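Chains A and B, in that order, are what the protein sequence lines are.
Numbered per our numbering, the first sequence finishes at 361, counting up by one with no gaps.
Numbered per our numbering, the second sequence finishes at 89, counting up by one with no gaps.
Some hints here could point you the wrong way.
Claimed, not checked - To be clear about the criterion: a stretch of chain B counts as covered by chain A if any three or more of its residues have a C-beta under 8 Å from a C-beta of chain A, and this derived list gives those stretches:
hint : segment
1    : 4-14
2    : 37-47
As the list claims (entries may be wrong) - Restricting the straight-line Cα-Cα distance to at most 25 Å, the calculated cross-link-like pairs of lysine to any residue (SDA-like) are:
hint : chain 1 : residue 1 : chain 2 : residue 2
3    : B       : K69       : B       : E28
4    : A       : K292      : A       : R259
5    : A       : K11       : B       : L14
6    : A       : K78       : B       : Q48
7    : A       : K281      : A       : R298
8    : A       : K11       : B       : Q84
9    : B       : K69       : B       : F83
10   : A       : K78       : B       : D46
Derived from the structure by calculation, the hints contain no laboratory data.
Note that the coordinates shown come from a computational prediction; the quantities given were computed from them, not determined experimentally.
In this text, a Cβ means the ideal position worked out from N, Cα and C, and glycines have one as well.
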Amino acid sequence: MAERLYVGTRKGLFELARRNDVWDIVATHFLGDPVSAVLAEGDTVHAALDLGHFGAKLWRREGGGEWRELTAPAFPPKPEDAGDDPHPWSLGQIWVLEPGRVPGRLWAGTMPGGLFRSDDGGTSWSLNEPLWRMAERRQWMGVAGGEQPGINSVLIDPRNPADIRIGVSTAGVWASTDEGASWRIINRGMYNEYMPPEQREEPLVQDVHRLARCAAHPEIVWCQHHNGVFRSEDSGHNWREITAIRPSKFGFAVVAHPRDPDTAWFVPAIKDERRIPVDGKVVVARTRDAGKSFEVLRDGLPQRHAYDLVWRHALTIDASGERLAFGSTSGGLWISEDCGDSWIAPEARLPPVSVVRFADH
Amino acid sequence: MATVRFTSALQRFLAAPPTEVTAATVGEALAAVFEVRPALRGYVLDDQGALRRHVAIYIAGEAVRDRVKLSDPIGPNDEIYVFQALTGG
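One chain only, chain B, in its complex shape:
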C-alpha cells in the first residue's frame, strides 16, 4: 500500500496522521484519506479540488505535475508527502 504523510504544520489545526491507501493516482490517494478525515480536504485542496497554491505534494522525491486534476500515477509502495511551500515572516 502507498502511504500519505502530511506536514507537521497541519497538526496545529487538525489531526493528520500518516495513512495507508490503495490508489492509482494522487487524487485517489487523497480522496481515500479525506473519506476518513473530511475536514482535511479544505486544507490541502481549493474549492475546485485543485492543489492549493502554497501546498506541494512529492512522490518518491518528485513534485506532482498535475496540480489541478491530481492525475499523477503512484506506485503500490510509494510515499506521498503533502507539505507547505514556506512563505511569510
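Next comes chain A alone, as it looks inside the complex:
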C-alpha cells in the first residue's frame, strides 16, 4: 500500500508520508508556484508547473535528490497554412502525466490539446503529430469557455501499451490502437445537455471531465461527464449513463478500483455554474455494483458549511485499492485507508489543490 502522497496546489507541491500510522507533510517543494500535474513512480517524481508569467515547466527528482528542470514539451513551428487554427501552437499547461507501460515511456496530456510522448523517462518529448494535425482537432472546444482545449485523461491498456484512450475537455473520448499513429473518436451513448438538441449526442461535443479505467479489467472505463456519470464495458466505445449516483450527478473526479471492475468513486457537487457540495457537505459517492447503487461516504468529511470543490485530478487511489486521497479548491485534504469508509484530514491549511497522486503507480 502507498506510504507517500504528493499534493499539487496553486502554491506548491506538498509531500506527505505515513509514519506511525499518521499522514503528515514531510517536505514542501516549489512553494509559491502553481503545480498542474504530478507523477510519482517509485522514487522518481515528475512535477509540472504552470508559471503564470514564464510558461509551463517540467521538473524531475530522483531518489530524494535535488529537483532538475527538464526540457518541457514544446509544439513545432506553426506552418503558414495553419493560420486559421483556433488553438495556439504553444504549450499552455501540462494537465496530466501518465506512465506508458513501456520502460522509459511517459505521456503528457496538455492544454491546448497536444499529446506528448517521452521514451527516455521525461528527458525529451515529442508531439503526437497525427492527433494534433487531424482536421477535427480544430473543432475541439476550450475548457470553461477558454480558448484552449485540454487532454484531461490518458488511459493506457496495461495488456497492450499501443492501445490508448484519451479524454478531452471538450471533445469526447479518442482511441488509438497503434501507439498513437492514428486516432478516431469512439464514444457513443453520452449526451451533453447544454448543447442544442440536434447536437446533444454528437461524440465530439461530449464534455468528458475525467476518465478512469480498471487496471485488471481495462475494458471497464468510468467517466465523470459534465452532466452525469457514465460507464463503458468495451474500452470506451459504448457508454451507459449511471443515474443512481447520489447526492448529485455533477462533478469532476472519478477513480476506478484497480481490480474490482464494479467499484468506483466520485465526488459529487451541485451542477453546474454553482459548483459547490450539496447542502454544504463534502461527500464521496462509491458504487460496488457497477453503478446500480451508491453509498454516500461522509465519515471524517466536513458536514457543515463546507464549500469544497474537487477538481478532476484531485482524487486518487493507490495500487492496493484501499487507500484514497482527495483535495479541494478550499485547500482541504482527506485520506482514507479503508476504501473510503472513513477519512482523516492531515493537519494543514493548504492552497487550492489541483492534483493528488500516491507514489506507487
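Based on these hints, arrange chain B on the given structure of chain A.
For chain B alone, kept in the frame of chain A given last:
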C-alpha cells in the same frame, strides 16, 4: 554593446545575469543570450518564438512593439529590460 537585464523574479528558477550583446534587434539580442543560456528561452518566449503574454520588454523606457517577431531595433548602448507583467494573488 547593449545590455540585456532580466527580472529578479526569474532568478528563483534559473540564473539570468545581465548580459552584454552585440545585436541590431530585440530578437537578435535575446538570441545571443539564449545561445549562452538555452534554458532561459522558454521562460521568455513561447513555443513559436513570440514574447510570452505576461512578459514585457522595455528598451530605453519604451515597451517593444513587435512581440511576435521581435524586430524592434536597438541601439549600441541600449539597456533592454525583460520583466513580468505582474498578475495574480
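### Query
Which of the numbered hints above does this structure break?
none
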